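Novice: Sequence:
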Amino acid sequence: MQFGYSETCLDHDTGPRHPETADRLRAIRRGLAKRHGVEYVDAPPAEKSTVAAVHEDGYVDEFHDFCRDGGGNWDPDTVAVEASWDAALTSAGLAEWAARAALDGDDGRDTPFSLGRPPGHHAVEDDAMGFCFFNNAAVAAQAVIDDGLAERVAIFDWDVHHGNGTQDIFYDRGDVFYTSIHEDGLYPGTGEVEETGEGDGEGTTLNVPLHAGAGDADYVYSFDEAIAPAVERFDPDLFIVSAGFDAHRHDPISRMRVSTEGYAMLTECVQDLCEATDAAISFVLEGGYGLDTLSEGVATVHETFDGRIAMDPDEDPDEKNVELVDEVRAAHGLGAK
1 MQFGYSETCL DHDTGPRHPE TADRLRAIRR GLAKRHGVEY VDAPPAEKST VAAVHEDGYV
61 DEFHDFCRDG GGNWDPDTVA VEASWDAALT SAGLAEWAAR AALDGDDGRD TPFSLGRPPG
121 HHAVEDDAMG FCFFNNAAVA AQAVIDDGLA ERVAIFDWDV HHGNGTQDIF YDRGDVFYTS
181 IHEDGLYPGT GEVEETGEGD GEGTTLNVPL HAGAGDADYV YSFDEAIAPA VERFDPDLFI
241 VSAGFDAHRH DPISRMRVST EGYAMLTECV QDLCEATDAA ISFVLEGGYG LDTLSEGVAT
301 VHETFDGRIA MDPDEDPDEK NVELVDEVRA AHGLGAK
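Take the sequence shown: its letter number 28 is residue 28 in UniProt numbering, and every next letter is one higher.
Since the hints were derived computationally from the structure, they do not count as laboratory data. Quick caveat: nothing in here was measured; it's all calculated off a predicted structure. Hints may contain errors.
Said to hold, decoys possible - Quick list of in silico lysine to any residue cross-link-like pairs, SDA-like style, CA-CA up to 20 angstroms: (1) Lys337 to Arg233; (2) Lys34 to Asp306; (3) Lys48 to Arg17; (4) Lys48 to Lys34; (5) Lys320 to Ala331; (6) Lys48 to Gly58; (7) Lys320 to Leu334; (8) Lys48 to Phe66; (9) Lys320 to Ala330; (10) Lys337 to Ile309; (11) Lys320 to Lys337; (12) Lys320 to Asp306; (13) Lys34 to Leu291.
Unchecked claim - Ranges of calculated distance between the beta carbons of each label pair, as one might list FRET restraints: (14) Asp326 to Gly70: 47 to 53 angstroms; (15) Arg308 to Glu125: 35 to 41 angstroms; (16) Asp69 to Arg29: 30 to 36 angstroms; (17) Asp306 to Gly148: 28 to 34 angstroms.
Where a beta carbon is used, it is the ideal one built from N, C-alpha and C, also for glycine.
With these hints in hand, go ahead and build the complete structure from the sequences.
Specialist: Printed below as a string of structure tokens:
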């Protein structure tokens, strides 16, 4: 794969006890150093106007001034320093690069994956939250739509937390489909089955809030039986994966049971879906706070695009999650299984 990466993202200093640190990117780089076929691309930062296409101008200016004045705690969880402004623009720019590269034909072993931080999927139009300042996946999707490179974009969020920001930004839009598999009840407390979009966006939000303890089989079943048919119906030009790795069974801040192999399974699911819909694929890094499991997860995605065949789940999905998927299918008019 091609990995978008910039040293500028290391300068976003969240302090010694914060889980979202520059060590996350360093760990990923160390893990990828052991793999073949890794290429790094340093893309330019996003323009302020590009970020403002999905965020309110007043918020963008407020964040700029906050960093210029030295930063601090935006909220109890979300920290910035002076360098965070450039890091956030760079992180958004890497996501934009990945989307453009995918639509330009980079696929297979050249599939683009942006390794930016701060992450983005909790950032709403007018506020930062959950470690996120600019919504990187949303910036990327809007940029390629505005430039006429894509008419319809799907964003699949497999981070353990619901991407409330991405959902909110596109909730009334018919040209962006947002779908998420996440742990029910976890921060930020959004992402219910009943949240399906409104106005022109009715039906273009699909949430699968799995019960705590869900593992590989639950994730694959949810994708195959709910997400894939809904995305096929939407028929996107570009499929962006908001790739967090904090649903891993050894991640310190979640209760899910996804294995490293489970991320290979999900990657194959994405590949199969995008082949069926002829959609380009790009990846955007979100969460993941166990350094070993994060680096292993990213490396496994890379190896899957390099030809590694994923194993099948070694168990059946939990019955309560099967029932949940039936609810999701019903909410989106996909019929009962």
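Novice: Does each hint hold? Answer for all of them.
Specialist: Now for the hints, and whether the structure bears them out:
no., hint, result
1, Lys337 to Arg233, "holds (17 angstroms)"
2, Lys34 to Asp306, "holds (14 angstroms)"
3, Lys48 to Arg17, "violated (30 angstroms)"
4, Lys48 to Lys34, "violated (36 angstroms)"
5, Lys320 to Ala331, "holds (17 angstroms)"
6, Lys48 to Gly58, "holds (12 angstroms)"
7, Lys320 to Leu334, "holds (19 angstroms)"
8, Lys48 to Phe66, "holds (15 angstroms)"
9, Lys320 to Ala330, "holds (15 angstroms)"
10, Lys337 to Ile309, "violated (28 angstroms)"
11, Lys320 to Lys337, "holds (14 angstroms)"
12, Lys320 to Asp306, "violated (35 angstroms)"
13, Lys34 to Leu291, "holds (15 angstroms)"
14, Asp326 to Gly70: 47 to 53 angstroms, "holds (52 angstroms)"
15, Arg308 to Glu125: 35 to 41 angstroms, "holds (39 angstroms)"
16, Asp69 to Arg29: 30 to 36 angstroms, "holds (32 angstroms)"
17, Asp306 to Gly148: 28 to 34 angstroms, "holds (32 angstroms)"
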